[in-house]
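Asker: The lines below spell out each chain.
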Amino acid sequence: MSSKKWPRMIRVFHLYKSYLPTVAVLQDVSFTLEAGDFVFLTGPSGAGKTTLLRLLFAAERPKSGQILINGKNITSFSRRQIAHVRRSIGVVFQDFKLINYRTVFDNVALVLEITGTPRNEIKKRVWKVLKMVGIEQKLYRYPLELSGGEQQRVAIARALVNDPQIILADEPTGNLDFEITTEIMNIFNNVNAQGTTVMVATHNQLLLQKFKRKVFTLHNGMLQEGVPAQENQ
Amino acid sequence: MSSKKWPRMIRVFHLYKSYLPTVAVLQDVSFTLEAGDFVFLTGPSGAGKTTLLRLLFAAERPKSGQILINGKNITSFSRRQIAHVRRSIGVVFQDFKLINYRTVFDNVALVLEITGTPRNEIKKRVWKVLKMVGIEQKLYRYPLELSGGEQQRVAIARALVNDPQIILADEPTGNLDFEITTEIMNIFNNVNAQGTTVMVATHNQLLLQKFKRKVFTLHNGMLQEGVPAQENQ
Amino acid sequence: MKMTYFYYLLRSTYQNIRQHLVINLISIFTIAFSLVLFGLYSFGYLNLKKTLEDWRTDFQMIVYLEDSISKSQLNSLRHFCESSPAVARVVHVSKKQAMQRFRKSLGKDSSLLRGLKENPLPASLELQLKNKVKDMQAVENLAKQIGKQPGVEELQYGQQWLRHFFSLMKLLHIAGLGVTGFLFFVTVFIVSNTIKLSFYSRRDAIDIMELVGATRFYIAVPYLLEGIFQGLVASLLSVGAVYALYYYLVSWLRQSFPFLQGMVSLAFFTPGMLGGFVALGVLLGVLGFLVSFKWIRGS
Amino acid sequence: MKMTYFYYLLRSTYQNIRQHLVINLISIFTIAFSLVLFGLYSFGYLNLKKTLEDWRTDFQMIVYLEDSISKSQLNSLRHFCESSPAVARVVHVSKKQAMQRFRKSLGKDSSLLRGLKENPLPASLELQLKNKVKDMQAVENLAKQIGKQPGVEELQYGQQWLRHFFSLMKLLHIAGLGVTGFLFFVTVFIVSNTIKLSFYSRRDAIDIMELVGATRFYIAVPYLLEGIFQGLVASLLSVGAVYALYYYLVSWLRQSFPFLQGMVSLAFFTPGMLGGFVALGVLLGVLGFLVSFKWIRGS
Ligand SMILES: Nc1ncnc2c1ncn2[C@@H]1O[C@H](COP(=O)(O)OP(=O)(O)OP(=O)(O)O)[C@@H](O)[C@H]1O
Ligand SMILES: Nc1ncnc2c1ncn2[C@@H]1O[C@H](COP(=O)(O)OP(=O)(O)OP(=O)(O)O)[C@@H](O)[C@H]1O
Ligand SMILES: [Mg+2]
Ligand SMILES: [Mg+2]
Chain U
1 MSSKKWPRMI RVFHLYKSYL PTVAVLQDVS FTLEAGDFVF LTGPSGAGKT TLLRLLFAAE
61 RPKSGQILIN GKNITSFSRR QIAHVRRSIG VVFQDFKLIN YRTVFDNVAL VLEITGTPRN
121 EIKKRVWKVL KMVGIEQKLY RYPLELSGGE QQRVAIARAL VNDPQIILAD EPTGNLDFEI
181 TTEIMNIFNN VNAQGTTVMV ATHNQLLLQK FKRKVFTLHN GMLQEGVPAQ ENQ
Chain W
1 MSSKKWPRMI RVFHLYKSYL PTVAVLQDVS FTLEAGDFVF LTGPSGAGKT TLLRLLFAAE
61 RPKSGQILIN GKNITSFSRR QIAHVRRSIG VVFQDFKLIN YRTVFDNVAL VLEITGTPRN
121 EIKKRVWKVL KMVGIEQKLY RYPLELSGGE QQRVAIARAL VNDPQIILAD EPTGNLDFEI
181 TTEIMNIFNN VNAQGTTVMV ATHNQLLLQK FKRKVFTLHN GMLQEGVPAQ ENQ
Chain H
1 MKMTYFYYLL RSTYQNIRQH LVINLISIFT IAFSLVLFGL YSFGYLNLKK TLEDWRTDFQ
61 MIVYLEDSIS KSQLNSLRHF CESSPAVARV VHVSKKQAMQ RFRKSLGKDS SLLRGLKENP
121 LPASLELQLK NKVKDMQAVE NLAKQIGKQP GVEELQYGQQ WLRHFFSLMK LLHIAGLGVT
181 GFLFFVTVFI VSNTIKLSFY SRRDAIDIME LVGATRFYIA VPYLLEGIFQ GLVASLLSVG
241 AVYALYYYLV SWLRQSFPFL QGMVSLAFFT PGMLGGFVAL GVLLGVLGFL VSFKWIRGS
Chain P
1 MKMTYFYYLL RSTYQNIRQH LVINLISIFT IAFSLVLFGL YSFGYLNLKK TLEDWRTDFQ
61 MIVYLEDSIS KSQLNSLRHF CESSPAVARV VHVSKKQAMQ RFRKSLGKDS SLLRGLKENP
121 LPASLELQLK NKVKDMQAVE NLAKQIGKQP GVEELQYGQQ WLRHFFSLMK LLHIAGLGVT
181 GFLFFVTVFI VSNTIKLSFY SRRDAIDIME LVGATRFYIA VPYLLEGIFQ GLVASLLSVG
241 AVYALYYYLV SWLRQSFPFL QGMVSLAFFT PGMLGGFVAL GVLLGVLGFL VSFKWIRGS
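Read top to bottom, the protein sequences are chains U, W, H and P. Oh and the first sequence: position 14 is 14 in the working numbering, straight run, nothing missing. Oh and the second sequence: position 115 is 115 in the working numbering, straight run, nothing missing. Oh and the third sequence: position 125 is 125 in the working numbering, straight run, nothing missing. Oh and the fourth sequence: position 97 is 97 in the working numbering, straight run, nothing missing.
There's no promise every hint is true.
Stated by the list, open to error - Here are the computed lysine-lysine pairs in the DSSO-like style, where the Cα-Cα straight-line distance is at most 27 Å:
(1) W:Lys72 x W:Lys214
(2) W:Lys210 x U:Lys212
(3) W:Lys97 x W:Lys124
(4) H:Lys104 x P:Lys95
(5) H:Lys96 x P:Lys104
(6) H:Lys144 x H:Lys95
(7) P:Lys144 x P:Lys130
(8) U:Lys210 x W:Lys210
(9) H:Lys95 x P:Lys104
(10) H:Lys104 x H:Lys144
(11) P:Lys96 x H:Lys104
(12) U:Lys210 x W:Lys212
(13) W:Lys128 x W:Lys97
(14) P:Lys104 x H:Lys104
(15) P:Lys148 x P:Lys71
(16) P:Lys50 x H:Lys50
(17) W:Lys97 x U:Lys97
(18) P:Lys95 x P:Lys71
(19) P:Lys71 x P:Lys144
(20) P:Lys130 x P:Lys170
(21) W:Lys123 x W:Lys97
(22) H:Lys50 x P:Lys170
(23) H:Lys170 x P:Lys50
Said to hold, decoys possible - Across the chosen pairs, the derived CB separations fall in these ranges:
(24) H:Glu154 x P:Ala88: 35 to 43 Å
(25) P:Met136 x H:Lys130: 31 to 39 Å
(26) H:Ser94 x P:Lys71: 43 to 51 Å
(27) U:Tyr16 x P:Thr215: 26 to 34 Å
(28) W:Arg61 x H:Thr215: 17 to 25 Å
(29) P:Lys148 x H:Ile174: 33 to 41 Å
(30) H:Asn141 x P:Asn141: 47 to 55 Å
(31) W:Arg61 x H:Met3: 31 to 39 Å
(32) P:Gly240 x H:Thr215: 37 to 45 Å
(33) P:Phe185 x W:Asp163: 52 to 60 Å
(34) H:Ser94 x P:Lys104: 26 to 34 Å
(35) P:Ser251 x H:Gln73: 45 to 53 Å
(36) W:Gln209 x U:Ala193: 26 to 34 Å
(37) U:Asn120 x P:Ser251: 56 to 64 Å
No wet-lab data here; the hints were simulated from the structure. All C-beta atoms in this analysis are idealised placements derived from N, C-alpha and C, irrespective of residue type, glycine included.
Taking the hints into account, I'd like the entire structure generated from these sequences.
Answerer: So, in structure tokens, the structure goes:
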């Protein structure tokens with residue numbers, strides 16, 4: 001089982017997570033995503049969607065269970081190793097997590113600067129990705145000078161700019177109108193078509209209905225695979 | 001035109017607002033809401049919904065135009081007067097604006113403490129309103145220990161707790177599943193039935209379709225009244 | 001309504017302090033450090049001043065008398081000196097006593113006085129000056145008046161020495177005021193910076209409170225209480241630290257340098273002084289609050 | 001890749017400083033204040049030390065000679081004294097010269113010496129001690145050796161006075177070290193607190209950078225540069241301030257207290273000292289960074 005054979009793979013085995021001793025957030029969650037998979041993660045408010053995503057990019061440690069990213073078990077990684085794994089994962093945070101004192105451009109460029117991308121390359125790629133999400137005119141604004149939806153699109157741009165192997169998007173369209181939501185989902189579809197594994201946590205039933213993809217549903221800490229969107233209402 | 005005759009009224013005359021000299025966010029916006037009106041505010045991302053709401057509770061000053069709340073022109077109010085006006089307006093912020101180092105209870109109680117409500121009364125009312133939005137069990141958690149949807153419900157509870165004369169809700173259901181969204185909208189309906197003026201900014205077309213209410217649409221800085229939800233797609 | 005506000009104040013202050021424990025500790029230690037520096041300086045200054053004043057009681061003015069002075073002249077002169085407000089004590093030294101002293105001071109060499117027929121030394125009055133005499137001018141006025149009395153041959157009062165002494169006292173006093181003022185300024189600066197930064201880290205919360213209808217005054221009071229709390233704790237800490245430092249310093253100095261015996265004393269550490277320290281700490285906390293609040297309002 | 005990192009470092013540092021201008025100014029002024037205090041203390045200490053050492057050149061050891069001493073004994077004694085490493089200069093005072101001096105010192109009263117038949121005063125050698133003689137022990141050893149030479153009647157060298165002087169120098173030295181250490185500690189404490197608080201206010205940004213894959217080292221370097229920048233600016237400011245303060249203080253002191261003429265001097269302000277100040281400022285910035293970074297890592 002070499003990592004070459006499953007280069008963009010997420011495998012999760014018997015994952016348990018709880019913040020308080022009495023309440024289990026995730027119970028015995030297991031699943032496999034191959035390179036190029038696209039999956040919606042849904043479930044009621046507080047079901048553990050954000051928690052599961054945070055475990056996947058090692059922002060939380062599980063109580064027990066294993067998480068393999070590209071065949072490497074990240075649950076035992078050091079800080080430095082985690083930093084490097086994160087560079088191959090693009091994350092759209094539910095609360096955006098933009099740096100308020102950096103411009104839109106600098107917020108997105110940050111991801112490329114970390115990996116030492118040359119300056120010219122950074123400029124080109126940041127501009128391209130900002131244009132994709134439709135905020136290329138607000139390049140030099142600061143996040144607090146943007147509307148909620150504009151901030152969310154900056155967060156999406158940042159997740160895309162590094163051509164990550166995996167994209168984890170947490171409610172990426174909660175502040176967007178349906179038109180822009182469709183555009184964003186099309187971008188995810190395109191990236192996915194090029195082999196990127198995509199996982200989108202969302203409440204939006206319209207999304208599940210319109211883009212007929214695999215659906216993981218979290219309920220009482222348990223994960224059910226492939227439940228059709230319609231039954232979920 | 002005494003303020004007694006229109007006790008819970010919002011009147012807006014020829015409102016102009018721009019952040020940058022070149023771009024106008026709101027242009028000649030005028031409308032009247034009587035006590036007990038319920039209106040949806042919609043429009044694409046960056047249309048100026050949040051800006052309009054912020055003008056109504058005096059977090060921004062208009063470039064020109066007048067805003068009358070209960071017959072009083074708040075555009076010329078002092079800081080202290082603005083503080084008092086805000087106590088009769090319940091606001092659900094798009095980015096929640098919870099105080100991270102206060103518990104859920106204390107975040108909601110804050111509004112009542114400011115007006116000097118007795119301790120017992122505070123406890124009763126906070127608990128009641130948290131139960132209404134369904135997070136009464138997370139009373140003593142801190143905001144960062146809550147899921148996105150749970151935080152949003154705390155923000156909604158805070159806007160409701162003071163029985164305000166006006167409720168301004170900015171994308172209040174962006175992080176909630178449809179079931180809870182319906183519950184929240186029912187709460188707004190109930191409050192509205194008791195005479196509270198309600199204005200809900202939202203992208204969610206399902207909301208506009210399900211709750212057939214007056215709709216204000218912002219487009220290119222201009223406000224159109226009463227456009228049916230269906231044409232808005 | 002009053003009760004709710006009171007409860008809110010105490011709880012907010014407590015919560016602020018608990019939630020920003022690190023910043024509070026930083027603030028407290030900064031104030032305490034400033035107070036310790038200030039305390040050590042005060043001890044040093046007061047001790048030095050006391051030592052100099054002890055030395056000064058040794059100064060005297062010597063009034064040499066004419067050999068021809070009559071008993072009644074002597075008595076009235078003596079009375080005149082004693083009634084001067086600057087003079088503490090008057091001692092009469094007769095010609096005989098003067099010669100005895102001179103002989104003693106020559107020691108072994110006194111043999112060379114054996115051949116003398118008559119006593120060439122004058123009688124004198126030695127005037128001890130009072131401590132409250134603060135400047136050279138007063139001493140010179142006194143000298144002028146006495147010099148005019150009949151029977152006075154000459155006055156000697158170490159003009160040079162005294163002038164230096166008074167200059168030194170004045171210098172010490174001015175330097176003391178200067179250093180105190182400077183230290184005070186530095187302390188308020190540092191404290192207000194700390195409070196500013198702590199405000200800074202709570203800006204979001206302050207903005208939110210304003211957005212839900214709190215007045216600035218309402219928001220500010222818990223921070224004022226926090227400043228007072230910091231000053232209070234800091235002053236108590238610093239009193240302890242100054243006491244401990246000074247106690248060990250003094251024991252060490254006494255052992256190492258026995259000639260400093262009279263100089264170093266802990267008597268200074270009175271309850272009044274302790275109260276002063278606490279008051280100063282609280283004052284610093286409040287001043288820091290006021291400075292930073294003004295700054296926050298502006299921005 | 002190297003260029004990108006370099007560019008990132010400079011730009012991040014610049015952005016951090018610009019975006020947190022207030023915090024940076026606070027930090028810079030805090031370091032500068034500490035350095036000014038430190039600088040004033042250094043000036044004061046060095047000046048006092050210099051003054052005391054000037055006074056000290058007045059000290060001498062007097063070797064009284066027996067009346068019966070022979071010319072060759074005198075010469076060899078004189079040679080012995082001159083060859084001692086502790087002695088700077090030797091002056092011979094004959095019996096006649098001694099009497100002349102004594103007469104002069106008595107002034108008007110010298111008339112009482114008129115009746116003397118023979119000169120009872122002894123001849124002497126006056127030894128000036130070298131500056132480098134640092135302690136009482138060396139002086140006493142010298143005295144013992146000279147006392148053993150033939151023709152020496154008695155030695156006088158103000159044992160009491162000298163002992164006090166050396167104790168005072170030692171006290172000053174130790175106090176100087178103590179105060180320097182204390183000041184240094186306080187400064188690092190305050191600087192690290194300021195940097196801690198500035199980190200604190202950027203915590204969100206640091207968390208976000210970590211979440212998108214930055215290593216701790218990558219995040220930390222701009223803050224290190226910021227600390228260096230603060231130290232640099234602060235040291236330059238403080239050099240200016242110390243110079244100005246000292247310049248005005250000295251002019252004022254010279255005018256007000258002419259007898260301090262020799263004491264106050266600006267010579268101390270050499271380029272080396274200036275470099276030292278800058279180095280110290282930068283060191284404080286770096287130390288502050290290290291302390292606070294350790295603290296941030298821990299939390
Ligand atoms: N740091 C924390 N400490 C304690 N409990 C937490 C913490 N973070 C999350 N929780 C709890 O864990 C549960 C799952 O939270 P999570 O954020 O994963 O939900 P979610 O599915 O993303 O919900 P939403 O759709 O509302 O964002 C919630 O009940 C929440 O209160
Ligand atoms: N502080 C500011 N400085 C400059 N421009 C701003 C500022 N706040 C908002 N804007 C701009 O004003 C426009 C309207 O913003 P607003 O937040 O009102 O939009 P919105 O309708 O609420 O959008 P969304 O649905 O995305 O929340 C946007 O283009 C935004 O970039
Ligand atoms: Mg979530
Ligand atoms: Mg908005």
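Asker: Hints first: check each against the structure and report whether it holds.
Answerer: Cross-check of the supplied hints:
no. : hint                            : result
1   : W:Lys72 x W:Lys214              : holds, 24 Å
2   : W:Lys210 x U:Lys212             : holds, 24 Å
3   : W:Lys97 x W:Lys124              : holds, 23 Å
4   : H:Lys104 x P:Lys95              : holds, 22 Å
5   : H:Lys96 x P:Lys104              : holds, 23 Å
6   : H:Lys144 x H:Lys95              : holds, 24 Å
7   : P:Lys144 x P:Lys130             : holds, 17 Å
8   : U:Lys210 x W:Lys210             : holds, 19 Å
9   : H:Lys95 x P:Lys104              : holds, 22 Å
10  : H:Lys104 x H:Lys144             : violated, 32 Å
11  : P:Lys96 x H:Lys104              : holds, 23 Å
12  : U:Lys210 x W:Lys212             : holds, 24 Å
13  : W:Lys128 x W:Lys97              : holds, 21 Å
14  : P:Lys104 x H:Lys104             : holds, 20 Å
15  : P:Lys148 x P:Lys71              : holds, 18 Å
16  : P:Lys50 x H:Lys50               : holds, 25 Å
17  : W:Lys97 x U:Lys97               : holds, 14 Å
18  : P:Lys95 x P:Lys71               : holds, 14 Å
19  : P:Lys71 x P:Lys144              : holds, 22 Å
20  : P:Lys130 x P:Lys170             : holds, 17 Å
21  : W:Lys123 x W:Lys97              : holds, 21 Å
22  : H:Lys50 x P:Lys170              : holds, 22 Å
23  : H:Lys170 x P:Lys50              : holds, 22 Å
24  : H:Glu154 x P:Ala88: 35 to 43 Å  : holds, 40 Å
25  : P:Met136 x H:Lys130: 31 to 39 Å : holds, 38 Å
26  : H:Ser94 x P:Lys71: 43 to 51 Å   : holds, 48 Å
27  : U:Tyr16 x P:Thr215: 26 to 34 Å  : holds, 29 Å
28  : W:Arg61 x H:Thr215: 17 to 25 Å  : holds, 19 Å
29  : P:Lys148 x H:Ile174: 33 to 41 Å : violated, 52 Å
30  : H:Asn141 x P:Asn141: 47 to 55 Å : holds, 52 Å
31  : W:Arg61 x H:Met3: 31 to 39 Å    : holds, 37 Å
32  : P:Gly240 x H:Thr215: 37 to 45 Å : holds, 43 Å
33  : P:Phe185 x W:Asp163: 52 to 60 Å : holds, 57 Å
34  : H:Ser94 x P:Lys104: 26 to 34 Å  : holds, 27 Å
35  : P:Ser251 x H:Gln73: 45 to 53 Å  : holds, 51 Å
36  : W:Gln209 x U:Ala193: 26 to 34 Å : holds, 32 Å
37  : U:Asn120 x P:Ser251: 56 to 64 Å : holds, 59 Å
The structure fails hints 10, 29 (numbered hints given earlier, in ascending order).
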